[in-house]
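A.B. asks: So the protein sequences, as listed, match chains A and B.
Just so we're aligned: 286 in the UniProt record's numbering is position 286 of the first sequence, and the numbers increase by one with no gaps anywhere.
Just so we're aligned: 151 in the UniProt record's numbering is position 151 of the second sequence, and the numbers increase by one with no gaps anywhere.
These are computed hints drawn from the structure, not numbers from a lab.
A few of these clues could be false.
What the hints assert, rightly or not - Derived CB-CB ranges, DEER-like:
#, chain 1, residue 1, chain 2, residue 2, range
1, B, R264, A, A205, 58 to 66 Å
2, B, K231, A, I476, 39 to 47 Å
3, A, E147, B, Q409, 52 to 60 Å
4, A, Q407, B, K231, 52 to 60 Å
5, B, E223, A, V112, 51 to 59 Å
Stated by the list, open to error - Here are the simulated lysine-lysine pairs, DSS-like style, with alpha carbons at most 30 Å apart:
#, chain 1, residue 1, chain 2, residue 2
6, A, K175, A, K143
7, B, K206, B, K323
8, A, K508, B, K18
9, B, K10, A, K485
10, B, K18, A, K456
11, B, K18, A, K534
12, A, K33, B, K350
13, B, K405, A, K534
14, A, K163, A, K127
15, B, K4, A, K481
16, A, K84, B, K231
17, A, K481, B, K10
18, A, K50, B, K340
19, B, K234, B, K31
20, B, K405, A, K250
21, A, K481, B, K3
22, A, K508, B, K136
23, B, K10, A, K452
24, A, K485, B, K323
25, B, K3, A, K458
26, B, K347, A, K33
27, B, K231, B, K340
28, A, K33, B, K296
From the three backbone atoms N, C-alpha and C, an ideal C-beta is built for every residue, glycine too.
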Amino acid sequence: MIVYNCPLVPFEFFHALRIPFKRIEPISIEFQKLHPNVCSFCRSAVCSVKPTDVLVWTDSCDSMRRAYDFLSQNVSFYLHIPVKNDELAVLSLSRDLKRLWEFLKTVFNSEVPLSELERVHRWFIEKSIHLERLIEKDLNEAKTIFEELSNQEWVGSVARKGKSVLLLGSWANSKLVEIVEKAGGFALNATCSGPYSLIFEAEPARDIFESIARRILNKRLPCGRFASTRELKMLIERFRPEAIVLHTAKFCDFYHFDERLLRELKIPFVTIENDFTNALEQARTRIEALLEDTKDRPRVSVKAFHFVGIDSGSTSTKIVVVNNRGDILFEQVCRTGADPKESAKRLMIQAMKHLKFDPQESFVVATGYGRDAIDFAHARVTELTCHAVGVKHLYPDVRTIIDVGGQDSKVMRIEEGKIVDFVMNDKCAAGTGRFLEIVSSILETPLQIMGKESLKAKTQLSISSVCAVFAESEIICLRSKGYSKQEILWAAHNAIARRLVTMYERVKGRPPVVLTGGVALNEGLKRALEELLKVEIIVPKNPVTTGALGAALMGLQQKL
Amino acid sequence: MSKKSVAYGKFVRFFWNKPTVALNLLTLGLKLENTRRKVVATTRNDFSSWVDFAALSIVASAFSGEEVALVNLFFPSEIMAGFALKSVSAEGLSGMLAAMHLEDFALARAESIGVSKNTCSFHRAGLGLNLLNMMKNVRAVAVTNMLCDGNVPIFRTIASLYGLKLIVLDVPRNLDEFNVDYVSQQLEQAVYELENQLNRRFDWKKFEEQMKIESEIFEALRELYPKLCEKPIKMHLYQHVNLLYTIHVRPDFHLLKAVRALERDLKAETSDDAKRILWMHLSPYYDNVLNEIFSKDSPHTVVASELCWDWLDWRIDVRRGFKSIAEKLLLNPLLNDARKRAEFAVKLAKDFRVNGVIHFNQFGCKQSSGSIELIKGVFDELKIPFLSLDGDCVDHTSSSSEQFKTRVQAFLEMIE
Ligand code: SF4
Chain A
1 MIVYNCPLVP FEFFHALRIP FKRIEPISIE FQKLHPNVCS FCRSAVCSVK PTDVLVWTDS
61 CDSMRRAYDF LSQNVSFYLH IPVKNDELAV LSLSRDLKRL WEFLKTVFNS EVPLSELERV
121 HRWFIEKSIH LERLIEKDLN EAKTIFEELS NQEWVGSVAR KGKSVLLLGS WANSKLVEIV
181 EKAGGFALNA TCSGPYSLIF EAEPARDIFE SIARRILNKR LPCGRFASTR ELKMLIERFR
241 PEAIVLHTAK FCDFYHFDER LLRELKIPFV TIENDFTNAL EQARTRIEAL LEDTKDRPRV
301 SVKAFHFVGI DSGSTSTKIV VVNNRGDILF EQVCRTGADP KESAKRLMIQ AMKHLKFDPQ
361 ESFVVATGYG RDAIDFAHAR VTELTCHAVG VKHLYPDVRT IIDVGGQDSK VMRIEEGKIV
421 DFVMNDKCAA GTGRFLEIVS SILETPLQIM GKESLKAKTQ LSISSVCAVF AESEIICLRS
481 KGYSKQEILW AAHNAIARRL VTMYERVKGR PPVVLTGGVA LNEGLKRALE ELLKVEIIVP
541 KNPVTTGALG AALMGLQQKL
Chain B
1 MSKKSVAYGK FVRFFWNKPT VALNLLTLGL KLENTRRKVV ATTRNDFSSW VDFAALSIVA
61 SAFSGEEVAL VNLFFPSEIM AGFALKSVSA EGLSGMLAAM HLEDFALARA ESIGVSKNTC
121 SFHRAGLGLN LLNMMKNVRA VAVTNMLCDG NVPIFRTIAS LYGLKLIVLD VPRNLDEFNV
181 DYVSQQLEQA VYELENQLNR RFDWKKFEEQ MKIESEIFEA LRELYPKLCE KPIKMHLYQH
241 VNLLYTIHVR PDFHLLKAVR ALERDLKAET SDDAKRILWM HLSPYYDNVL NEIFSKDSPH
301 TVVASELCWD WLDWRIDVRR GFKSIAEKLL LNPLLNDARK RAEFAVKLAK DFRVNGVIHF
361 NQFGCKQSSG SIELIKGVFD ELKIPFLSLD GDCVDHTSSS SEQFKTRVQA FLEMIE
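Bound-form chain A, shown alone (with noise of 0.2 Å):
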């Protein structure tokens, strides 16, 4: 069995000497040996590797290099591919090509002419060309060839239907196809676990060995290590995608990049960046969210007189009903604890009993991590659209929020009441209230006052990690060196803070200003990021349950 690591092999070797390939793929355990830095998709990806496989290794990337380090005990060919193409570039790569043709031959002891490589790299162009058109036309058909060169599954959706959305970044499996299609939308895998990985511009050459190094070096869409820019643009005029989805492998160094160009062409994307090792829980309301165009709902009709909105969030449930004409009836939260479907019916049970009304005369849309465990909920949208919408009917002239919960913050751009732009930090600790909580726990000062306490700081202390790992040490220390409490509170606001606003610029907020959340009733927080954002913040009486109260009142907009 032949393994390779990356497609920007020569598949025509593997075919004309009829051996069987694959290429390394993710498993649920990572390779230890390689330190965590290394890309997240090699980590695991290496772990496929057995040790009678014959390798056909590309230092596409430092990660591909360092986990070939590691493997010097299989039969194996080392190739470099440059990072730029031009003729000196394509001369190097064909006699590199030229020599792992005859290693390969070595190896399998296999006497294929040359005639009969020329037929396989003409076939395997042929068939290129024919998979670059088919893509628009017959997706079904496009698999099929896309299986044959690669002998790869197929990553994309096969039927369109719903909104176009264009997958783009580093290779992607189908889990994240089956969030795309579930969220309404069909995939077009543009990662290089799609089509585009086999799709080049022939050119004509001297050898067999030049044609196939420009086939190579000529790829439609270059990848992200290469030194010519994406043709991002090429891509998007084709396929007019509605939304696009840049999937990023965590350490991949290369793909983040591309925002810069997204962001250029204003269309709607999200960023995602996959560690494959957990669920892509969060990945999945990003799309979600993403996808969701409230104009496109469908319509209930109910005889609903109570709209609820829940919103389940991983560490406290909250409700919201609302009346037909929006104004706020009830609200309340709770602990979600173990079970967040049994928390939300408490809340519901409650807020019939206060209001008295029956699930009949009502109309649930539920919001939040836990969403899709509320069975009772006639409708589910993420928590993303629900904040925009809840602080808009509160501040019609918002035009950024900013919401700090316990295990996540996320910062939204809105204009005219729709989100236009969005970031998530839920990957660690620092940024959220989680880092407050650590902060609290270490310098045994209450949540409630902790904000306030740290008012009181007399001089400006620059505390140097956010990161929750960090923080505990570093605040002994600061402890021991006399620092008072107060002034390492609010150095750790300024620190969250900092993040805060970072994830602000990168949506280009505006004020006004909303800060919504858990956290958001922390008079430190606020303060701290009024000063560096040099504008006034906006705190609604009940910050926690602006979700909620969005919820609600999507459920009331789509009463017929």
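Keeping the supplied structure of chain A fixed, place chain B with the ligand upon it in accordance with the hints.
C.D. replies: Leaving out everything else, chain B with the ligand in the frame of chain A:
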């Protein structure tokens, strides 16, 4: 890296919302410090003072209005010398910001265009600084994928900010005649592209002068190397960074002066009972506890830093011109397999008779720390204590000095 720089940084920070003022202050600060270092170097006339001065003058030229080429650490600056462009590396600029604790502005700026927090902070800050419009007279942007290919998209973005064509040097992984040709032809190509871009001819004389200076520097270093191994001169940890920076980005007559001073320094008698450490990869450039632990006068000194010696075997042949430079790049022991790198590090460790080795894993840097386990394994076998230390060289907020302290001290206790 000193408390002074941090204090000055604080002052500059105060004016940050007035970019022109901030930039002027930064320029002024660099100028004053550079003058101070020059005075120190001339009076003391010793190796490390000249190195300190040489390193800062590289960075300072980015702010002085001189024509500069923005490059990464491994791009051969000899080419730029032929165009009378001063090479400044993005890594050095990031380090300078970090020394003043001002890197957060640059990092945040880069993140705001989408650059992931998980990329190397040298890259992020280097790009951020350009996005902040702080560079004065950038005439060329050039990159090589030699060690680290995360550089390529960063420099691609930087070049686009100036509307310049990015000069790219693709360096394969091993040294053979074909690859020497391949690299040297690319250098010719680069010269051709730069001639068009700058609208002036490549000055062979200047290029050869630069090669000659380097030849002198490397010859002298090679000659002094055995003595240095025997009796390493005392240097602060950060001075090793200054040295490696100067050697890579702009080995000019300042460095030559340093090397000449080294000869004298080595003759002076010093008592030597400190424990010897070999440092691998880079070290944080901001004021931090590592610089205290490994200061000139502490009982543990860093006697060699890997990246100061990676080109020791390069025999410069001025007549061979670009081919000679191609050889330099291709013979770098860090270019290929990690085992080769380990072999080289072992040689340094043995030559300098070190008591321990510390590898600093710069956050997000794959090429240096990716297969660190393997390098550690090699040292373990030789029973040379090895510490793999995680942290960030630029972002002073992302690793804690307490973490460094505990780990390093435990390690030092281990080798006592
Ligand atoms: S530290 Fe590593 S990733 Fe950063 S510039 Fe240097 S080699 Fe590249």
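A.B. asks: Take the hints in turn and mark each one as holding or not.
C.D. replies: Cross-check of the supplied hints:
no., hint, in the structure
1, R264/B / A205/A: 58 to 66 Å, "60 Å, holds"
2, K231/B / I476/A: 39 to 47 Å, "41 Å, holds"
3, E147/A / Q409/B: 52 to 60 Å, "57 Å, holds"
4, Q407/A / K231/B: 52 to 60 Å, "57 Å, holds"
5, E223/B / V112/A: 51 to 59 Å, "55 Å, holds"
6, K175/A / K143/A, "17 Å, holds"
7, K206/B / K323/B, "17 Å, holds"
8, K508/A / K18/B, "20 Å, holds"
9, K10/B / K485/A, "23 Å, holds"
10, K18/B / K456/A, "28 Å, holds"
11, K18/B / K534/A, "14 Å, holds"
12, K33/A / K350/B, "26 Å, holds"
13, K405/B / K534/A, "37 Å, violated"
14, K163/A / K127/A, "28 Å, holds"
15, K4/B / K481/A, "20 Å, holds"
16, K84/A / K231/B, "45 Å, violated"
17, K481/A / K10/B, "21 Å, holds"
18, K50/A / K340/B, "24 Å, holds"
19, K234/B / K31/B, "27 Å, holds"
20, K405/B / K250/A, "29 Å, holds"
21, K481/A / K3/B, "17 Å, holds"
22, K508/A / K136/B, "26 Å, holds"
23, K10/B / K452/A, "26 Å, holds"
24, K485/A / K323/B, "62 Å, violated"
25, K3/B / K458/A, "22 Å, holds"
26, K347/B / K33/A, "24 Å, holds"
27, K231/B / K340/B, "26 Å, holds"
28, K33/A / K296/B, "35 Å, violated"
Checked against the numbered hints listed earlier, the structure breaks hints 13, 16, 24 and 28; every other hint is satisfied.
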